[in-house]
Amino acid sequence: MDILELLKKPEGKTLEFKRDLSSPEGILRVLVAFANTGGGTLIVGVEDGDHKVRGVEEPLAMEERLASIITDSIQPKIVPNIEIIPWHKTYLIAIEVYPSPYRPHYLRSLGLEKGAYVRVGSTNRLADSNLILKLQRLSRGESFDMQPILESSSEAIDFKVASELFAKYRELKKADLETLHLIIHYQACLVPTVGGMLLFGKERAKYFPDAWVQVGRFSGKNKTKIIDTRELHDSPIIAIYEAIEFVKKHSLQAIEINEVARNEKWNIPQAAVREAIINAVVHADYSQRGSPIRIAIYDDRLEIENPGLIPFNLTLEDLYQGVSKLRNPVIGRVFHELKLIERWGSGIRRMIESCKNAGLQEPLLEEIGTHFRVTIFLEKKYGIKLDDINHKIIHLLEKKDGLSTREISEQIRLSPRSTRSRLLSLIERGLIMEIGSSPQDPRKKYFLAKS
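Using the working numbering, read the sequence shown as starting at 91 and increasing by one per residue.
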C-alpha cells in the first residue's frame, strides 16, 4: 500500500481519513458503505480536512479494538485487511475493505432499514428501501431489467413496434423475444421482463410512469427562461432519436452550400451528443421513481442527467478510462443489436475524443445526489489550459466585464506591467478583448471574448 500516494489524494468514493477512534460509529458507517459499494480504504491517524498526519498511539491496541468493533457491529460480517503502517516517528492504521458479495451490510445496532449505507462521492448515504433492494439484487447477480412483471403477459410486448425497429438490421421472430430476454418463463407462464416492458411494452406508462425523456433549451446559463421544451414518451429507442434531433435543432451554427455539398456546422459535437444520450438511456436506473432522463441545453453547456449512481464497483476515474459495467443487460443487448452501442465501454471514450477534436474541454462526469450527469461544455475557451493567475483573470471578467489594467492588477496582485503581459497573451489566444481609443489608451477596458 503506497500511503504517500493516498495522502496526496482527496477523500472520495474509495478513500476516507479519520483522526482517531473517538467516533467508532462514524468509522463503521464508512466501512459499511465501502463494503456495499465498491470497496475502499480508511486511514486512521490523519485529519480529514487538511490531511495533516497526527498518527495513532498504541497502534497494536487500536488494531485489536478495531477488529473487535468491526466483528461485533456489522452484519453480515466483513473481513477487512487492517494494517499498521510506520510513518516517520508515528504510525497510521489502514483498513482496506473489499466489495462484498453479501450485500447489503448494515450496522447491527440500527438494523437493515436504518443502518445500511452506500458511498456517494466522499459521503456515506443511508440506503432507502429502493437501494436496499438493489443491493440484494446485486448479491443474487440479478439486474432490475431482468425482473419479471408477474401481473402482465407476453402479449403486453408490442411485437409490431419491435419488428419495425429491428427491420433495418434483421428479421425479428417471436422466438427472439425470449432469446433477448424481453419475455421469460415464470412458473409455466410467459411474462415480460422489466427491460421488455420498458423497450416495447404496450403499457410502459402504467408500470414505469417516469421512464421518459425531458428535453429543453434555455436562454442564458440557468433555467430561468425556457426557449423550447419537449416531453418524449415513446419507446426509449425512439426517444433517443427524437432527443438527438432536438439537440441538433438547437445547436446548428451555420450551413455552407457550395457546388459539391451542403456542410452543416454545429456548436456541439454531434458524436458526443449521441453517445451521451445513449449512455443516459442505457444506464439509467429505472427502479428510481419520480425522475425522468433530463437533457438541458444552455448557452455555454449541454447537460444530460439520468437517475442512478454509477455501478457500485466503479469510480468516476474508471469511467474516464473507459471501464464500464452494464446496469441494464436486456436494454444493452437490444441497443447492441440495433447498432446504438458498438463496443461495451467505448461510449465515454468516444464522447471525450469527440469534444477534444472539436477543441472543447473534456466532458464533466459527476454524481449528483442519486443521479449521474454528463456536462459537455460548448465554449472553446474553456478547452485551453490556463494557469491559476490566468484563470483568475477570466473569472474576474466573468463576474464584471469591462475592467482596466489597474483594476485587474490589484485583484491578481501583480504589477501593471506583468498584468498587461498576461492580458496580451489572453487576447492573442482569443479569450478576452480590449476596447479603447488606441493601444496606448490608459482608459481601455478588457472584456471576455464573445463565442
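Some hints could be false.
Straight-line C-alpha distance at most 27 Å; calculated DSSO-like pairs for lysine-lysine [said to hold, decoys possible]:
id, residue 1, residue 2
1, K167, K142
2, K311, K264
3, K446, K415
4, K311, K338
5, K311, K296
6, K292, K313
7, K292, K311
8, K313, K264
9, K263, K250
10, K296, K315
11, K142, K99
12, K204, K99
13, K339, K482
14, K311, K167
15, K429, K489
16, K263, K429
17, K489, K315
18, K339, K446
19, K292, K264
20, K429, K490
21, K482, K415
22, K311, K258
23, K296, K338
24, K482, K446
FRET-style restraints, in silico, Cβ to Cβ [unchecked claim]:
id, residue 1, residue 2, range
25, N171, Q411, 31 to 37 Å
26, D162, E452, 44 to 50 Å
27, R320, Q226, 34 to 40 Å
28, K315, Q501, 44 to 50 Å
29, T213, D300, 53 to 59 Å
30, D390, H426, 41 to 47 Å
31, Q277, I175, 33 to 39 Å
32, F249, K98, 54 to 60 Å
Simulated from the structure, these hints should not be mistaken for laboratory data. Computed from a predicted structure; not experimentally measured. Just so it is clear, CB atoms sit at the ideal spot from N, CA and C, and this is done for glycine as well.
Taking the hints in turn, this is what the structure says about them:
1. For the hint pairing K167 with K142, the CA-to-CA distance comes to about 32 Å; that exceeds 27 Å, so the pair is violated.
2. Our distance criterion of 27 Å between C-alpha atoms is broken by K311 and K264, whose separation comes to about 48 Å.
3. The straight-line distance between the Cα atoms of K446 and K415 is roughly 24 Å, inside the 27 Å bound, and the hint therefore holds.
4. A C-alpha spacing of about 19 Å is found between K311 and K338, which places the hinted pair at or below 27 Å, so the restraint holds.
5. Between K311 and K296 the alpha-carbon distance is near 35 Å, which puts this suggested pair outside the 27 Å criterion.
6. A C-alpha spacing of about 34 Å is found between K292 and K313, which places the hinted pair above 27 Å, so the restraint is violated.
7. Only pairs whose Cα atoms come within 27 Å are accepted, and K292 paired with K311 is rejected, the gap being roughly 38 Å.
8. Restraint check for K313 and K264: the C-alpha separation of about 45 Å exceeds 27 Å, so the hint is violated.
9. Note on K263 and K250: the hinted pairing holds, with a Cα-Cα distance of about 11 Å set against a maximum of 27 Å.
10. Pair hint K296 plus K315 does not hold up; C-alpha atoms about 32 Å apart against a cutoff of 27 Å.
11. For the hint pairing K142 with K99, the CA-to-CA distance comes to about 12 Å; that is within 27 Å, so the pair holds.
12. For the given pair, K204 sits about 31 Å from K99 by alpha-carbon distance, which is inconsistent with the 27 Å threshold.
13. A C-alpha spacing of about 35 Å is found between K339 and K482, which places the hinted pair above 27 Å, so the restraint is violated.
14. With a CA separation close to 48 Å, the supplied pair K311 and K167 exceeds the 27 Å bound.
15. Restraint check: the Cα-Cα separation between K429 and K489 comes to about 45 Å, which exceeds 27 Å; the hinted pair is violated.
16. The straight-line distance between the Cα atoms of K263 and K429 is roughly 18 Å, inside the 27 Å bound, and the hint therefore holds.
17. Of the supplied pair hints, the one linking K489 and K315 holds, its CA atoms being roughly 20 Å apart against a limit of 27 Å.
18. At roughly 22 Å between alpha-carbon atoms, K339 and K446 fall within 27 Å of each other, so this suggested pair holds.
19. For the suggested pair K292 and K264, the alpha carbons sit about 16 Å apart, so the restraint of at most 27 Å is met.
20. Proximity of K429 to K490 is assessed by CA-CA distance (about 48 Å); at most 27 Å being required, the pair is judged violated.
21. Only pairs whose Cα atoms come within 27 Å are accepted, and K482 paired with K415 is rejected, the gap being roughly 39 Å.
22. Our distance criterion of 27 Å between C-alpha atoms is broken by K311 and K258, whose separation comes to about 40 Å.
23. With a CA separation close to 31 Å, the supplied pair K296 and K338 exceeds the 27 Å bound.
24. Distance restraint check for K482 and K446: the Cα-Cα separation of roughly 23 Å lies within the 27 Å cut-off, and the hinted pair is therefore satisfied.
25. For N171 and Q411, the Cβ-Cβ distance of about 25 Å falls outside the hinted range of 31 to 37 Å, so the restraint is violated.
26. Judged by the Cβ atoms, the range 44 to 50 Å given for D162 and E452 holds: they are separated by roughly 46 Å.
27. At roughly 37 Å, the beta carbons of R320 and Q226 sit within the given window of 34 to 40 Å.
28. Our hint of 44 to 50 Å for K315 and Q501 is violated, since their Cβ atoms are close to 31 Å apart.
29. Look at T213 against D300: about 25 Å separates their beta carbons, and that is not inside 53 to 59 Å.
30. With their beta carbons about 34 Å apart, D390 and H426 fall outside the hinted range of 41 to 47 Å.
31. The hint said 33 to 39 Å for the Cβ distance between Q277 and I175, and at roughly 55 Å that hint is violated.
32. Taking 54 to 60 Å as the suggested C-beta distance range, the pair F249 and K98 conforms, at roughly 57 Å.
Of the numbered hints given earlier, the model fails hints 1, 2, 5, 6, 7, 8, 10, 12, 13, 14, 15, 20, 21, 22, 23, 25, 28, 29, 30 and 31; all others are met.
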